[in-house]
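Chemist: Sequence:
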Amino acid sequence: MVSYGLATLPGLKVVGPLTVALLIGISLRTALGLAPGLMEGTRYSARTVLRLGIVLMGARLDFGLVAKVGPRVLLLALAVIVGGILGIRWVTKRFGVPEKLGTLLAVGTSICGASAVVAASSVTRAEEEDTTLAVGLCGILGTVGVLFYVFVGPLLGLSTAQLAILSGATLHEVAQVMAAAFTWGTSAGDLGTLVKLTRVVLLAPALVVLGLVSGAGGQVRYSLKEPPIPWFVIGFLAVGVLGSVGVVPAAAKAWLSTASVFLMVMAMAAMGLGTHLSMVRRAGMRVVYAGLVGFAALAVSAWGLIHVLSIQ
104 MVSYGLATLP GLKVVGPLTV ALLIGISLRT ALGLAPGLME GTRYSARTVL RLGIVLMGAR
164 LDFGLVAKVG PRVLLLALAV IVGGILGIRW VTKRFGVPEK LGTLLAVGTS ICGASAVVAA
224 SSVTRAEEED TTLAVGLCGI LGTVGVLFYV FVGPLLGLST AQLAILSGAT LHEVAQVMAA
284 AFTWGTSAGD LGTLVKLTRV VLLAPALVVL GLVSGAGGQV RYSLKEPPIP WFVIGFLAVG
344 VLGSVGVVPA AAKAWLSTAS VFLMVMAMAA MGLGTHLSMV RRAGMRVVYA GLVGFAALAV
404 SAWGLIHVLS IQ
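Using our numbering, the letters of the sequence shown correspond one by one to residues 104 to 415.
Source of the hints: derived by calculation from the structure; they are not laboratory data.
Check before you lean on any hint, since a few could be wrong.
Said to hold, decoys possible - Just the calculated beta-carbon pair ranges, DEER-fashion:
#1 Arg389 with Leu181: 25 to 33 Å
#2 Leu181 with Ala134: 42 to 50 Å
#3 Phe166 with Val255: 14 to 22 Å
As the structure is a computational prediction, the values presented were derived from the model and not from experiment.
Using N, Cα and C, we set each Cβ at its ideal position, and we do this for glycine too.
Can you make the complete structure from the sequences, with help from the hints?
Modeler: See below:
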């Protein structure tokens, strides 16, 4: 609840309640430690509650958005996601970042920040420490991106609409896109948000692909308990499809979306409580450099694609 309150402040509104909850959890763990009686509940929140939040996050999906943005913008979003995941994963390898952490950074940067990271962490069975690092870094880099676009964006040779599309295609969080795009007007803000939500929709197929290739040694698991696509991803897709075809009413979709964010904020707080600041020292600055280079390369690529595809 404190995270929600703090996330309404001007300086923290851009990063959102998930990252704020994570930072509060880390701060409390560092200052006070974690009592033994809280460990089991913390683990439960960081795993089971997280997966339930991901299932309900399907209410945020609207597959009809894909038809609204037009083929060229859709192609841009697809290129950003596919090229971003593969390219940033390559960059993290060059910087010596561990494989699963590199994958989380790539997915979070290419799709939708903290939400994508926490969803991908369960699919790839990443360690909570890696998830914590990736979420925190996405929040920091996205905030830097907002400042860059607001102050330097007018010098990039793009129209207001193109700047909005660039923001929606590259910034990590929906709040970050809105913070940047609405500075150029209401129409630009709406356009940037629409492009961003298209990327959010594309998280669904990305999770399916990750589920198919994330088994040990790249082998697909075939069992009722551990299908090739994890059950919570199937639930995520099912809720998204039901909402898109109108089975779930708009009011219920809004409630489920709010509930999903609340559950994931709980999970982020739990991950923070389970993490000590020493993790940053162990990871080293190479993770920060890799994330920064990857995000910069994604932004430059999207800028070029906007010109090549003649997106106005």
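Chemist: Now look at each hint and say whether the structure bears it out.
Modeler: Evaluated hints:
no., hint, in the structure
1, Arg389 with Leu181: 25 to 33 Å, "holds, 29 Å"
2, Leu181 with Ala134: 42 to 50 Å, "holds, 44 Å"
3, Phe166 with Val255: 14 to 22 Å, "violated, 34 Å"
Checked against the numbered hints listed earlier, the structure breaks hint 3 alone; every other hint is satisfied.
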